[in-house]
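With my numbering applied, the sequence shown covers 18 to 195.
If you're looking for bench data, these hints aren't it; they were derived computationally from the structure.
For each residue, glycine too, the CB sits at the ideal point set by N, CA and C.
Be a bit skeptical, because a hint or two may be false.
Unchecked claim - Simulated restraints, written as ranges between beta carbons of each label pair:
1. Gly144 x Cys114: 17 to 27 Å
2. Pro87 x Asp35: 35 to 45 Å
3. Val32 x Ser172: 13 to 23 Å
4. Arg122 x Met38: 37 to 47 Å
5. Leu160 x Gly110: 36 to 46 Å
6. Ala37 x Ala146: 15 to 25 Å
7. Val159 x Gly110: 17 to 27 Å
8. Glu188 x Ala143: 41 to 51 Å
9. Val30 x Gly144: 33 to 43 Å
10. Glu112 x Asp35: 40 to 50 Å
11. Val70 x Val30: 34 to 44 Å
12. Glu138 x Asn25: 18 to 28 Å
13. Glu188 x Leu125: 38 to 48 Å
14. Gly195 x Asp135: 34 to 44 Å
Said to hold, decoys possible - Below, a list of computed lysine to aspartate or glutamate pairs in the DMTMM-like style, where the Cα atoms sit at most 25 Å apart:
15. Lys163 x Glu153
16. Lys19 x Glu138
17. Lys19 x Glu61
18. Lys19 x Asp171
19. Lys73 x Glu112
20. Lys19 x Asp95
21. Lys19 x Glu112
22. Lys73 x Asp31
23. Lys163 x Glu151
24. Lys19 x Glu188
25. Lys19 x Asp89
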Amino acid sequence: VKGAFTFNLTREVDVRLDPAMGGGSVWDLGCYPISYARTMVGAEPVEAFGWQVPGKTGVDETFTGQLRFPGDVLAQFDCGFRAPFRAHMELVGSEGCITVPTPFRPGLNETILLTRHDRTESIAMAGQALYSGEVEDMADAVLDGKAPRVTLADSRANVAAMLALLQSAREGRPVTVG
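Please construct the entire structure, taking both the sequences and the accompanying hints into account.
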């Protein structure tokens, strides 16, 4: 699994750059490819390795990470505030790959690319209005007591992977997740 989520943050003063406010590219952007990889693999990572380029405030402005899952399935991603806008995911297997050009903010009509050997096929898919879906999910949970689509356990597992990646970047070594 490979992915990226980057954009150029042009403001010098921004909550994303404030360590006291939980700033950093992993918290703001990296959470998405990490969650995507965990969902696609269907398991939790067992090991993490990360590299960061901290900015003036000390938060990671550029980050590259790797996660190792059971069965030696690997995920690689980069995120950051100092590169042009990029947001994509790729699932690579022994027979081909699937490229998802807009995984984190799909529109109502989307296309994914399936490549097998030397042939690439575009596959049209119906998308969803994700933001309104998030609002409806929150309203259903708060007003009607329904369980949210993203469970607390899933959110905690994503945070565990993020913390392991950040620890690895600080210490310069692989870190066990969890």
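These are the hints, each one checked on the structure:
1. Gly144 x Cys114: 17 to 27 Å: holds, 21 Å
2. Pro87 x Asp35: 35 to 45 Å: holds, 36 Å
3. Val32 x Ser172: 13 to 23 Å: Since Val32 and Ser172 have Cβ atoms about 20 Å apart, the given range 13 to 23 Å holds.
4. Arg122 x Met38: 37 to 47 Å: 23 Å Cβ-Cβ, so the 37 to 47 Å window is violated.
5. Leu160 x Gly110: 36 to 46 Å: At 42 Å between Cβs, range holds.
6. Ala37 x Ala146: 15 to 25 Å: violated, 34 Å
7. Val159 x Gly110: 17 to 27 Å: violated, 40 Å
8. Glu188 x Ala143: 41 to 51 Å: Between Glu188 and Ala143, where Cβ atoms are some 44 Å apart, the hint holds.
9. Val30 x Gly144: 33 to 43 Å: 35 Å Cβ-Cβ, so the 33 to 43 Å window holds.
10. Glu112 x Asp35: 40 to 50 Å: Holds - the Cβ-Cβ distance for Glu112 and Asp35, about 45 Å, lies within 40 to 50 Å.
11. Val70 x Val30: 34 to 44 Å: Violated, since Val70 and Val30 (Cβ atoms, about 19 Å apart) do not stay within the stated range.
12. Glu138 x Asn25: 18 to 28 Å: violated, 33 Å
13. Glu188 x Leu125: 38 to 48 Å: holds, 44 Å
14. Gly195 x Asp135: 34 to 44 Å: holds, 41 Å
15. Lys163 x Glu153: holds, 11 Å
16. Lys19 x Glu138: holds, 19 Å
17. Lys19 x Glu61: holds, 16 Å
18. Lys19 x Asp171: holds, 20 Å
19. Lys73 x Glu112: Distance of about 44 Å is beyond 25 Å: violated.
20. Lys19 x Asp95: Cα-Cα ~9 Å, so holds.
21. Lys19 x Glu112: Holds, at roughly 16 Å.
22. Lys73 x Asp31: holds, 12 Å
23. Lys163 x Glu151: The given pair, whose Cα atoms are some 13 Å apart, holds under the 25 Å limit.
24. Lys19 x Glu188: It holds: about 23 Å lies between the C-alpha atoms, which stays within 25 Å.
25. Lys19 x Asp89: holds, 14 Å
Comparing the model with each numbered hint stated earlier shows that hints 4, 6, 7, 11, 12 and 19 do not hold.
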